[in-house]
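Required output: the full structure, derived from the provided sequences and hints.
As you go down the protein sequences, you meet chains A and B in turn. Here my numbering runs 91 ahead of the position in the first sequence, where the first position is 1. Here my numbering runs 191 ahead of the position in the second sequence, where the first position is 1.
Don't take every hint at face value.
Computed cross-link-like contacts, DSSO-like style, restricted to lysine-lysine with a CA-CA straight-line distance of at most 27 Å [claimed, not checked]: (1) A/Lys367 / B/Lys345; (2) A/Lys285 / A/Lys367; (3) B/Lys435 / B/Lys515; (4) B/Lys515 / A/Lys367; (5) B/Lys515 / B/Lys615; (6) B/Lys345 / B/Lys365.
Some but not every residue of chain A turned toward chain B, in silico, with C-beta under 7 Å [claimed, not checked]: (7) Glu165; (8) Ser169; (9) Gly194; (10) His199; (11) Ile220; (12) Ala223.
Note that these hints are calculated values from the structure, not bench results. In this text, a Cβ means the ideal position worked out from N, Cα and C, and glycines have one as well.
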Amino acid sequence: MALPSYAGPGERAWYYTYRVICGLIFLFLIFPILVIVPLSFNALPYFTFTPEMLSLDPAGYSLRWYEALLGSEEWLFSIRNSFIISISSTIVSTTLGTLAALGLSRRHMPYRAAITALLISPMIVPLIITAAALFSFYARVNLANTFFSIIMAHVVLGTPFVVITVTAAMSSFDEQLIRASQSLGANQVTTFFKVIMPLLLPGVIAGALFAFITSLDEVVVVIFLAGPEQTPMTVRMFSGLREEISPTILALASILVAMSIVLLTAMELIRRRGEKLRGIKN
Amino acid sequence: MSDSSAASHGQSPSSTGSQSGTEQLTTADGTPLRISLRKAEARARRRAFFLVLPLLAFLLVTFAIPIVQMISRSVRNPEVSEYLPNTASAIQNWNGQEVPPEEVFAAMAADMEVGMENRTLGRAAARINREIPGARSTVLGTARALDEMSPPYKEAFIADDDGWTNLEFWRLIKRETRTITPVYYLLAFDYEYSPSGEIVERAEYYQVYRMLFLRTAWMSLLITALCILLGYPVAHLLATLPLKTSNLLMILVLLPFWTSLLVRTSAWIVLLQQQGVVNDMLVWLGVIDTDNRVRMIYNQIGTIVAMTHILLPFMILPLYSVMKTIPPSYMRAARSLGATQLRAFVTVYMPLTIPGLAAGVLLVFILAIGYYITPALVGGDTGIFISNLIAQNMTGSTAQLRLAAALATILLVAVLVLYWAFNKLVGVDRLKFG
Chain A
92 MALPSYAGPG
102 ERAWYYTYRV
112 ICGLIFLFLI
122 FPILVIVPLS
132 FNALPYFTFT
142 PEMLSLDPAG
152 YSLRWYEALL
162 GSEEWLFSIR
172 NSFIISISST
182 IVSTTLGTLA
192 ALGLSRRHMP
202 YRAAITALLI
212 SPMIVPLIIT
222 AAALFSFYAR
232 VNLANTFFSI
242 IMAHVVLGTP
252 FVVITVTAAM
262 SSFDEQLIRA
272 SQSLGANQVT
282 TFFKVIMPLL
292 LPGVIAGALF
302 AFITSLDEVV
312 VVIFLAGPEQ
322 TPMTVRMFSG
332 LREEISPTIL
342 ALASILVAMS
352 IVLLTAMELI
362 RRRGEKLRGI
372 KN
Chain B
192 MSDSSAASHG
202 QSPSSTGSQS
212 GTEQLTTADG
222 TPLRISLRKA
232 EARARRRAFF
242 LVLPLLAFLL
252 VTFAIPIVQM
262 ISRSVRNPEV
272 SEYLPNTASA
282 IQNWNGQEVP
292 PEEVFAAMAA
302 DMEVGMENRT
312 LGRAAARINR
322 EIPGARSTVL
332 GTARALDEMS
342 PPYKEAFIAD
352 DDGWTNLEFW
362 RLIKRETRTI
372 TPVYYLLAFD
382 YEYSPSGEIV
392 ERAEYYQVYR
402 MLFLRTAWMS
412 LLITALCILL
422 GYPVAHLLAT
432 LPLKTSNLLM
442 ILVLLPFWTS
452 LLVRTSAWIV
462 LLQQQGVVND
472 MLVWLGVIDT
482 DNRVRMIYNQ
492 IGTIVAMTHI
502 LLPFMILPLY
512 SVMKTIPPSY
522 MRAARSLGAT
532 QLRAFVTVYM
542 PLTIPGLAAG
552 VLLVFILAIG
562 YYITPALVGG
572 DTGIFISNLI
582 AQNMTGSTAQ
592 LRLAAALATI
602 LLVAVLVLYW
612 AFNKLVGVDR
622 LKFG
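Encoded structure:
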């Protein structure tokens, strides 16, 4: 939307005002996330920029909060718990979700709309309701405060993302490729692994990444399901933010921001690869 | 897959074959084509369904059943009928006007004996005590003295404790013999049963839930409105810029989208607190002096700002994907026909963006009304949502699981109605991420 040469002064003024407004909104989106990174290097236990920091004096910066984080048994324990939970639940939800998405994309799938709605519903139901329901459920079957119950809960929350991304990948799938493969003599198994899987893989990986990040970030359900033995980093972070806020949390938050940048890049690469494989270019 | 191609080829010859009846088309092994086709289709359906089955079964057991159990818990009222079964059946013929007859007292004595042995009497007494303070000691006191009593129990009980002449006590028991109760839903809307059994508003001091439902709704609306206000121009800019620039700017939307909720909430705590970056900046700019720092967090402002930030990408992304499909020539056509820029925008462009706007609005609103973490961390007392009260009623010494279940069910119904509307207007399958 470049400014046309015939634009009047009013339009010119609006054109620049509009861009400034959008710039401010972009700033609102990104500033809070970026600001915590320098603050996590604060030498003092404050959440604001000290005069030393503003004058770029090296004495104003330090790694003490990162040392506090990585030197703390408790934090490392809960970070480890988080990864145990996220990795296990990602494996289960990717498997179940991909199978289900393959079934849903078949032409002969009965009751497709109703089943899709049910499979997607954990994403729609507010987390506190899921938490309330699972809290009593796992208490009743004597599985409260176990890794098993938390992982199962996270599989519930993660599968809708896998189902959606894999179904989307299947919807742009050209079924002629299957016939082509079979006419060239491949059997069903070979066709699946040599033709279907490579085209589907970007969708599966994207779904798995979504499931992983959903589980890693999840707080509400684990607050109610996790005992002291399973406390993941999100719960520790949540109670830290509630009680004694320490800059250690900012150090963890900065690491998580770095992780989301990596994930964002991974997603973008997957998307491009997917487009390339399909021969779509825009 | 091979089944499906066979099916589409087989249809017409099989129907003509059956009409003539003389020479039926058959497959190689001699079965009529029509039957073979039906079999193949059924097999394809079964195969598709078996792929979905593992997840479907898993979700039924670990998600749908717990939710149904929660809903049923919100209306269940087992204490009195389960723990005082004889009394529950004896009291049905009582008219409610005077102290019940001896048979009811005798039934109560029988229930007490069993209840003391199984230690279930305390639970029934606690349930009654919640509405008639002191009833617990009446029931348990008399139960302990039961060994020395003999029929007629009516006189003996009343001599032991005059709480037994309280008609409200008996009316409560009669009312509570119903195993399904609306009492938790009444509570959720700040109503209760009066001692005489009518539905009345609770004392003003206890009225919190209706206010919180309303607050959750209006704050969610406000946050949705703010997301439209901030999201619309940005989505429009992204959709109209050259692809290279817009892809770059898209990172500014996607990075917050991918960043943990807790990270973003803690960022706002850091920014908005009284010794925080924003207040420092205002002091430095001379807008406020350092003794009058603005309280921007642990109240409604905190919740609104942080949640708008968190939900904004959910507005921008659907708007962007719809705006992307609107050809710029439409606007040029409107302008060439004499419309001003503004008029062309309002009458041509905006109506075309409505599907994206509807998707964004419903998505943001549905997510907002169920929010728990952000209000809990930055909401203080005035910025919390109904979810926070559900959580409060789930744990701790004041836990009331049935009330929590009722509140959660009300919220669930609201969300499902919105979701249904969302599906009608936009379609779930159009949901995309990233």
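Here's how the hints hold up against the structure:
1. A/Lys367 / B/Lys345: violated (87 Å)
2. A/Lys285 / A/Lys367: holds (17 Å)
3. B/Lys435 / B/Lys515: holds (14 Å)
4. B/Lys515 / A/Lys367: Roughly 21 Å between the alpha carbons, so the hint for B/Lys515 and A/Lys367 holds.
5. B/Lys515 / B/Lys615: The hint holds at about 22 Å.
6. B/Lys345 / B/Lys365: holds (17 Å)
7. Glu165: violated (17 Å)
8. Ser169: violated (13 Å)
9. Gly194: This interface hint holds because 3 Å falls under the 7 Å limit.
10. His199: This hint holds: A/His199 lies near chain B, its Cβ roughly 4 Å from the closest one there, short of 7 Å.
11. Ile220: holds (5 Å)
12. Ala223: holds (5 Å)
In the structure shown, a violation is registered for the earlier hints numbered 1, 7, 8, in ascending order.
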